[in-house]
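Visitor: Those protein sequences? They're chains D and S, same order as listed.
Adding 685 to a residue's 1-based position in the first sequence gives its number in my numbering.
Adding 58 to a residue's 1-based position in the second sequence gives its number in my numbering.
Hints are computed from structural coordinates only; laboratory data are not their basis.
All of these numbers come straight from a predicted model, not from anything done at the bench.
You may find that some hints are simply not true.
Partial list, derived from the structure: chain D residues whose beta carbon lies under 8 angstroms from chain S [as the list claims (entries may be wrong)]:
no. : residue
1   : Pro757
2   : Asn760
3   : Tyr762
4   : Ala763
5   : Ala799
6   : Tyr801
7   : Val846
8   : Phe848
9   : Gln850
10  : Arg852
11  : Glu879
12  : Cys883
13  : Ser886
14  : Asp887
15  : Leu888
Glycine is no exception: its CB is placed at the ideal position from the N, C-alpha and C atoms.
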Amino acid sequence: MWRLPLSVFWLAGTLLVVAGCDTIGEKSQSSRATNSSAMPSGVYDLQGRLVDPLGETEARAVVFIFTRTDCPISNRYAPEVKRLVERFAEQNISFHLVYPDPEQTTASMKAHLAEYDYPCDAYRDPNHVLVEKTGARITPEAAVFVAKQLVYRGRIDNRFVDFGQSRSEATRHDLEQVLQQVAAGETVEFHTTEAVGCYISDLKK
Amino acid sequence: MRNASVLMVAMVLSGCGSETTVDTDVVTFNRDIAPIVFDNCAVCHRPGDAAPFSLLSYDDVSKRAEQIVTVTQSRFMPPWLPEAGFGEFLDQRHLTDAQIQIFAKWFDVGTPEGKPDDLPPQPTFPEGWQLGTPDLIVEMPEEYTLSATGDDVYRHFVLPVSIKGERYVRAMEFNPGNLRIAHHAIIKIDRTRWSQRLDQKDEVPGFDGMLDADSIQPPDGVFCSWAPGRTPWPGTGDIAWKLDGNTSVVVQLHMQTTGKPEKIRSRVGLFFADHPPTKFPFIISLHSYDIDIPAGVSDHHVTNRYVLPIDVKLQAISPHAHFLAREMHAYAEMPDGSRQWLLKINHWDFSRQENYRYVRPVSLPKGTVVVFDYVYDNSEANPLNPNHPPQRVRYGVQSDDEMAELWLQVLPDSRESRDALSADFQEYKRKDAFRAVLNRVNRDPNDIESRTSLGVLLAVQGRFAGAEKHFRFVIERAPRKIDARFAYATMLIVRRRFSDSRSQLKAILKIDPDYFKAHGSLGLIALQQRMPEVAEEHFRRCQKINPDDTISRKNLPISLFLQDKLDEAEELFRATLKSSPDNAKARDGLKAIRARRREQMK
Numbered sequence: 686m687w688r689l690p691l692s693v694f695w696l697a698g699t700l701l702v703v704a705g706c707d708t709i710g711e712k713s714q715s716s717r718a719t720n721s722s723a724m725p726s727g728v729y730d731l732q733g734r735l736v737d738p739l740g741e742t743e744a745r746a747v748v749f750i751f752t753r754t755d756c757p758i759s760n761r762y763a764p765e766v767k768r769l770v771e772r773f774a775e776q777n778i779s780f781h782l783v784y785p786d787p788e789q790t791t792a793s794m795k796a797h798l799a800e801y802d803y804p805c806d807a808y809r810d811p812n813h814v815l816v817e818k819t820g821a822r823i824t825p826e827a828a829v830f831v832a833k834q835l836v837y838r839g840r841i842d843n844r845f846v847d848f849g850q851s852r853s854e855a856t857r858h859d860l861e862q863v864l865q866q867v868a869a870g871e872t873v874e875f876h877t878t879e880a881v882g883c884y885i886s887d888l889k890k
Numbered sequence: 059m060r061n062a063s064v065l066m067v068a069m070v071l072s073g074c075g076s077e078t079t080v081d082t083d084v085v086t087f088n089r090d091i092a093p094i095v096f097d098n099c100a101v102c103h104r105p106g107d108a109a110p111f112s113l114l115s116y117d118d119v120s121k122r123a124e125q126i127v128t129v130t131q132s133r134f135m136p137p138w139l140p141e142a143g144f145g146e147f148l149d150q151r152h153l154t155d156a157q158i159q160i161f162a163k164w165f166d167v168g169t170p171e172g173k174p175d176d177l178p179p180q181p182t183f184p185e186g187w188q189l190g191t192p193d194l195i196v197e198m199p200e201e202y203t204l205s206a207t208g209d210d211v212y213r214h215f216v217l218p219v220s221i222k223g224e225r226y227v228r229a230m231e232f233n234p235g236n237l238r239i240a241h242h243a244i245i246k247i248d249r250t251r252w253s254q255r256l257d258q259k260d261e262v263p264g265f266d267g268m269l270d271a272d273s274i275q276p277p278d279g280v281f282c283s284w285a286p287g288r289t290p291w292p293g294t295g296d297i298a299w300k301l302d303g304n305t306s307v308v309v310q311l312h313m314q315t316t317g318k319p320e321k322i323r324s325r326v327g328l329f330f331a332d333h334p335p336t337k338f339p340f341i342i343s344l345h346s347y348d349i350d351i352p353a354g355v356s357d358h359h360v361t362n363r364y365v366l367p368i369d370v371k372l373q374a375i376s377p378h379a380h381f382l383a384r385e386m387h388a389y390a391e392m393p394d395g396s397r398q399w400l401l402k403i404n405h406w407d408f409s410r411q412e413n414y415r416y417v418r419p420v421s422l423p424k425g426t427v428v429v430f431d432y433v434y435d436n437s438e439a440n441p442l443n444p445n446h447p448p449q450r451v452r453y454g455v456q457s458d459d460e461m462a463e464l465w466l467q468v469l470p471d472s473r474e475s476r477d478a479l480s481a482d483f484q485e486y487k488r489k490d491a492f493r494a495v496l497n498r499v500n501r502d503p504n505d506i507e508s509r510t511s512l513g514v515l516l517a518v519q520g521r522f523a524g525a526e527k528h529f530r531f532v533i534e535r536a537p538r539k540i541d542a543r544f545a546y547a548t549m550l551i552v553r554r555r556f557s558d559s560r561s562q563l564k565a566i567l568k569i570d571p572d573y574f575k576a577h578g579s580l581g582l583i584a585l586q587q588r589m590p591e592v593a594e595e596h597f598r599r600c601q602k603i604n605p606d607d608t609i610s611r612k613n614l615p616i617s618l619f620l621q622d623k624l625d626e627a628e629e630l631f632r633a634t635l636k637s638s639p640d641n642a643k644a645r646d647g648l649k650a651i652r653a654r655r656r657e658q659m660k
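Whole structure, please, built from the sequences with the hints as guidance.
Guide: Here is the structure:
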């Protein structure tokens, strides 16, 4: 049987160890937070408590709006989200913002909610649990659950065509239409639309 | 055996190599991405500047890696409309194809950070005024509040100047005050008080950004615009424009809502020249007044041209159109038959208007034909089409009309050649406007605006019968259309049909009692008919509404003189001479008063 000389083994082993050290060294040079990977997987409220976003609820529909504090398109939608929350307040439809950025602090999220006058609560999703469950890719993007089933995922409306390109007014209000159907007791067929905004995938867990 | 060992070692070594930072083919942030981002992006993507997030560190950039790939490939970022290779401009921010590919490669390999030693130093940027301490700073008198939501806002703000005597301005620097909402700005001046009066019409600072006035112009042939990340032009010292206390700086500001209410209070820094200008630029503004884009057409061309009567150096260029424009081509057909590209934009963006200043002025000899050719998409497939379904779109200043303009800042060799250019260009404008308006009326005989314009143009040419036909058509169908009535009334004065003119002017004042020009014209008629006391009353009412009106200012002292109210007449003539010492009519007026006094003493 052919056998490598011992010295070559030693050399290869040393090189592998050196390679491993350098890779670790690269990671430690990065200032990326590693805390989130140490936390148990889950979704949290802004008080740091683990929550079950799709747990038992009396709401007829649960709406998640994925957002970031520094996404200009998300922020421009704040008044529209507020309008929808207020419009459907009496219809037993609950709204929750979801922040998928693992590096942002809850303090900055609370400040963001106040700054943009959001009338609803918010969750942190640092491990992208809800992101993966809904298939959300963009901020802002909406996901609607009825009886724990996803019935819609996509844009809030079609005002934004592309980065830097927007209509003066939306001609399709996709999220509002879904919620109107829910409020009217109609069945919503599952469908999706393309949202425009920042990529959630860039926010590595 | 030995060869196999060497091969094994080589395989192991190469396997390890790809996991270390020794491999120089792997794109890293520190070595490859940071230089591009620091040079092209950081100027706006830093705290306190225009962009909503920073791009100054590995964390900042890797958190947006895929987004950066997308926006650089679409050339949405960095924001720069002109195509490379069709004009060399100051401040151009254009990534090469190779640079764009580097972002994609970096994303594909998992956005590694790289060796610390490879990282270039953090870029630094000047704080405060970039051109140095201004000689004078003018400011919006009060804050403007932009609401949380809604379409983009275009608004004129009036920044009054407080200065004794006069100075010459060689450069202006715009300081938006709120970089998050200011998207671009065009800075002009108004040497009358017209802008201030528009501003004061209501409580809200400024006035509608789509409203225009003849008195609001780029100062003496000099463009000034602002966009995020651009360097203000320091000027050349030999080009400068006069500033005095009667001037207002007028900023047309484009703002975008952010999702929460925002406040803004902008300033302009003015930098003075040591001496009056020795070079005199001129702005050639080419237009198309008979734009007519059928609904559904996706590649409609609009074009116009002008033959240069003198040699010029082209210093800066500025195109303009509204939402449907897609491509813009501007070029010069040189006397030798060659074509020199001046500007090419493949994806026009209405929200990114600015003027582009050439790195080296372009020499355009006498006989050069300057051409613009714009392409418009009025189809349903154009998501920016304001009309669904698409509608016929014509020339107009509102944002759902269309425009096609090309502004060129040129420098003639001398003052004399500038005067020659100015005269030639005025003649060209007159003929071009006439051709365009005639087209419009032939296409749409019921188009009120076009028929009013045609009436005016015919009257100016002395073709009174034709003009009268159009004015009467318009007044019958649109009795409240003041500009048509006023143009008609003016023509009637020239024809000495004073009674007919008076009834038009009185009808105007019933519709709009503040239409000061009607009072001015009624005063002139009264003077012609030797009724100076009636003339005085009209001129005073005109002055009350608009103290800057020249007709009433010139003629009020005459009406007083004719009533022997010599003291007041003298006071007014002297006031005119104080601000314009060369005013011959005022000097003649004083002479006439002295003669009259001598007569009275006899």
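Visitor: Confirm or reject each hint.
Guide: Against the structure, the hints come out as follows:
Taking 8 angstroms as the C-beta cut-off, the interface hint given for proline 757/D holds, the closest approach to chain S being about 4 angstroms. For asparagine 760/D, the interface hint holds, since its Cβ comes within 8 angstroms of a Cβ in chain S; the closest pair sits about 4 angstroms apart. For tyrosine 762/D, the interface hint holds, the least distance from its beta-carbon to any beta-carbon of chain S being 7 angstroms, beneath 8 angstroms. Residue-level restraint check for alanine 763/D holds (minimum Cβ-Cβ distance to chain S is 4 angstroms; threshold 8 angstroms).
Below 8 angstroms, beta-carbon pairs count as interface contacts, and alanine 799/D has none with chain S, the closest being about 10 angstroms; its hint is therefore violated. About 5 angstroms separates the beta-carbon of tyrosine 801/D from the nearest beta-carbon of chain S, less than 8 angstroms, and the hint is met. The beta carbon of valine 846/D comes within 4 angstroms of a beta carbon in chain S, closer than 8 angstroms, and the hint placing it at the interface holds. A distance limit of 8 angstroms between C-beta atoms decides the matter here; for phenylalanine 848/D the minimum to chain S is near 5 angstroms, and the interface restraint holds.
Interface restraint check for glutamine 850/D: the shortest CB-CB distance to chain S comes to about 6 angstroms, inside 8 angstroms, so the restraint holds. A distance limit of 8 angstroms between C-beta atoms decides the matter here; for arginine 852/D the minimum to chain S is near 7 angstroms, and the interface restraint holds. For glutamate 879/D, the suggested interface contact is broken, since its CB lies about 13 angstroms from the closest CB of chain S, more than 8 angstroms. The beta carbon of cysteine 883/D comes within 6 angstroms of a beta carbon in chain S, closer than 8 angstroms, and the hint placing it at the interface holds.
Given hint, serine 886/D at the interface with chain S, holds; its Cβ is 6 angstroms from that chain's nearest Cβ, closer than 8 angstroms. With a cut of 8 angstroms, the hint placing aspartate 887/D at the interface with chain S holds, because the nearest CB-to-CB distance is about 5 angstroms. Taking 8 angstroms as the C-beta cut-off, the interface hint given for leucine 888/D holds, the closest approach to chain S being about 6 angstroms.
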